[in-house]
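**Q** Just so you know, the sequences run in chain order V and B.
Count the first sequence with our numbering and you get residues 1 to 318, in order.
Count the second sequence with our numbering and you get residues 1 to 301, in order.
A couple of the hints might just be wrong.
[Unchecked claim] What follows is a set of in silico ranges between Cβ atoms, one per label pair, in the way DEER data are often shown:
#1 V:3 with B:128: 16 to 24 Å
#2 V:158 with B:55: 34 to 42 Å
#3 B:274 with V:29: 35 to 43 Å
#4 V:280 with B:274: 29 to 37 Å
#5 V:74 with B:214: 45 to 53 Å
#6 B:132 with V:54: 39 to 47 Å
#7 B:132 with V:313: 19 to 27 Å
#8 B:274 with V:178: 35 to 43 Å
[To be verified] Listed below are several chain B residues computed to face chain V (Cβ distance under 10 Å; list not exhaustive):
#9 140
#10 156
#11 157
#12 262
#13 269
#14 274
Keep in mind that the hints were calculated from the coordinates and are not lab data.
Bear in mind that the values here come from a model prediction, so they are computed numbers and not experimental data.
Beta carbons: idealized from backbone N, C-alpha and C, even for Gly.
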Amino acid sequence: MQTYIARRLLQAIPVLLLITFLVFFLEQLIPGDPVYALIGSSGGQELAPSVIRQYRKEFHLDDPIPVQYAIWLQHALHGDFGKSIKSQRPVTEELRARIPVTLQLGLAALIIGIVVSFPLGITAALFRNSLLDRAITVFSIAAVSIPGFFLAILLIILFAVKLRWLPASGFTEVTTNPVKAIKLLILPAFVLSSGSIGGLTRFVRSSLLEVLRADYVRTARAKGLPGTRVIWLHALKNAMLPVSTIIGLQIGFLLAGALIIEQIFAIPGIGRYVIQGFTDKDFPVVQGYVLLVATCILVTSLLTDLIYSVLDPRIRFR
Amino acid sequence: MSTSSEPLAVQPVLAGGWQLSPRLRPWLRMLSDPIIAASVVIVVFFAVCAIFAPLLAPYDPYQTNTNPGAFLKGPSWTHLLGTDVLGRDQLSRMLYGARVSLGVGVVATALGGSVGVLLGLIAGFVRGIVDDVIMRCVEALLSIPQLVLALGLLAALGRSVHTLVIAIGIGGIAFLARLVRSQVLSVREFDYVLAARTIGAHPMRVLFRHVWPNCTAPVIVSLSLGVGFAVLAESGLSFLGLGVPPPTPSWGSLLQYAFQYLYGYAYLSIVPGVAISLLILSLSLIGDGLRDVLDPSLRGR
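Just chain B, with the same shape it has in the complex:
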């Protein structure tokens, strides 16, 4: 959508005569907003924590120590965030927990998103009975909250990380399918799509070459928000004790442990709680920023 049509003179010229691609400029403008820049930094920080957890963690997150005086200790130089009820290092568990929380969120959104996009494209492009069938399924899925659907699937399939990813991912299908469908319905009426059809382009080519590229903006925005919802769902399920089976740490399950020791050990719940909140907040602010960049017509809403 942002193919270069503006005069070259307006482009900032960097040292060495290299010119900044006009495609990049909206992104730089987005990052110049301090709030969004901070959000990106936070998400990148958590991602680094998750990816390099084995290198960063000072202790084995599963190593228990139930010697008197070793568990439920407050923050100290040996254990920066203290230890939990089994004497496990809370910082190490936070770092490994980032892997589960972010990993489940990203993979579930990617899976659910791709299925949703595909269904939306088919429904909007093929129309007719196929559209009706897909949309009724989408409405059925939308009637079941993500958390409740996940509860049912986990009850049937049993608790595991794979089931969790599938259960949370399915909840994301419906939103994407509905969004992409409505986008396809408006894009397919554009003249250039008609032109492509008139010169005899294959329907698949029209769909993927001409219609889909104009549907990506809202998809990217809602995927960014979707990761936030997925992280929320994962931490909620783990908090309820329905998520990843112990002893695997996730931010939600760390909070669940901490909740049982609220009296006197409140600090245990603050760190995972703040981490979850910051991550979700940052993802939703980035989503808002992306929307402004990718779809200027929606700015300020």
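So that you can see chain V by itself, here it is in the shape it has in the complex:
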């Protein structure tokens, strides 16, 4: 067990370093003098050579690239992603202030995703090849194929414009006005979960089908256990193992999806913030965001692997 954890952690370190290098390298791709991108050139103004020289010194732009990277990495590891050009405040602070909002949206979407897809997937597997199974399959393929932004538009037209049941956009803290907050969160959270619902439903179905074919399920049936007991105790328990890893991997979809969903529903999370940063040519904001998202996904997938190895000891000996 310890060796497995140690090996996985050791493998993750070079990946994390590569991610940081990739994010650092984005800076090198900027055409022209990066000084302009890093301090923000207003209207293509030319800076005096002495000013440029001063900034190049401040950002270590005259050092060799490996040295620049080392300095950048040292800052990044201390949570210093530089200052936002627009607000002149540290990017870390700006992102941290908005993380709880995105987290609320993501969690709500994850819960909806699980609550909808598990019963659907299990039903489809138990009534395999029936009309119900076909219908659920079609539903899950459609859920994956309809892009979130279009589904959002359809739902806004239906529930906000025509029926006027739900507000079209906005965000309120749960603590200040719970009813309004939940009303505002329903549509975005559902849209964000739609991609996960499709994928999870299909995965739960195939995972359960796999287990239902296993010898021990046949044995349980053969020794005369009632069908429901076989399914709930023997089959589902084992079918949920691989499903647990997929849930861990949803965070990537959710974070990428939040980028679009937060924009549509005017939710002030990190996704909306980074799009604003992109529009303002606020490069440090975009850079900090990419690094934050990549690190989150890497850490979650590592944790998922470790949890899975605890749940299913066979994995450690592969």
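Guided by the hints, dock chain B onto chain V, whose structure is given.
**A** Using the frame of chain V, we list chain B on its own:
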């Protein structure tokens, strides 16, 4: 993989004594599924729209008309899909938009796919330190969602169609590399590969003549799905206003314009939205169908 080994008697004999190649039969079986046939028709239809957009478009997609009563008009006989906020013909913009949406999707997937396949082949065949280095890079790339990576690259390189293709293509590298590598790892253990090595075939010959042909099935399937992901990424970025710079139309940017006039002009967003959804749905159904044809062991999963 499907070299003819079945008795000739089973083959359907067409008029004139010409026999259908056994290689074609699984494809015909795939097309006989009405859902997959419909998907192929839809994709071909959109492709025709994209290729012949200049011939099919009734108006110049960039021609604005801001005379009162000429913009934000509903569908009519003069403008089948209505006009947008600048009085541009929505049908013409849809047709030209197909060029960008499909073009970016296909080119990005082809570029990212080829790089990914090459990396996967090298990693799986050479093994050792090269494999480790490539796979760590792949894992790093996999940790950054396609959309987020594209956002970073577009922020650094600036918005243009070329940057968009590169940004979306890079996101596809990692999936293909991982897939091909695992395929190579299993194929290289086959006896006929050992036989080829034993008689002294050059490693390059073993790789491209013996290993690669047996890796193509899952690659074709995932490329078909990859085009769908790329179209999704392009339309998502364009919808956010990060994709192709205006006034070039793409389905995503048409939807972005339409979104601003949701109240009262909902029809403007329905057409591009349905087009994107249909295209992605069809591509993923074709991908499923291809998987059934090319890799029967995975059928029904």
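**Q** Next step is simple, just say for each hint if it's right about the structure.
**A** Structure-based check of all given hints:
no.	hint	in the structure
1	V:3 with B:128: 16 to 24 Å	22 Å, holds
2	V:158 with B:55: 34 to 42 Å	37 Å, holds
3	B:274 with V:29: 35 to 43 Å	36 Å, holds
4	V:280 with B:274: 29 to 37 Å	33 Å, holds
5	V:74 with B:214: 45 to 53 Å	47 Å, holds
6	B:132 with V:54: 39 to 47 Å	43 Å, holds
7	B:132 with V:313: 19 to 27 Å	26 Å, holds
8	B:274 with V:178: 35 to 43 Å	37 Å, holds
9	140	4 Å, holds
10	156	4 Å, holds
11	157	6 Å, holds
12	262	6 Å, holds
13	269	5 Å, holds
14	274	8 Å, holds
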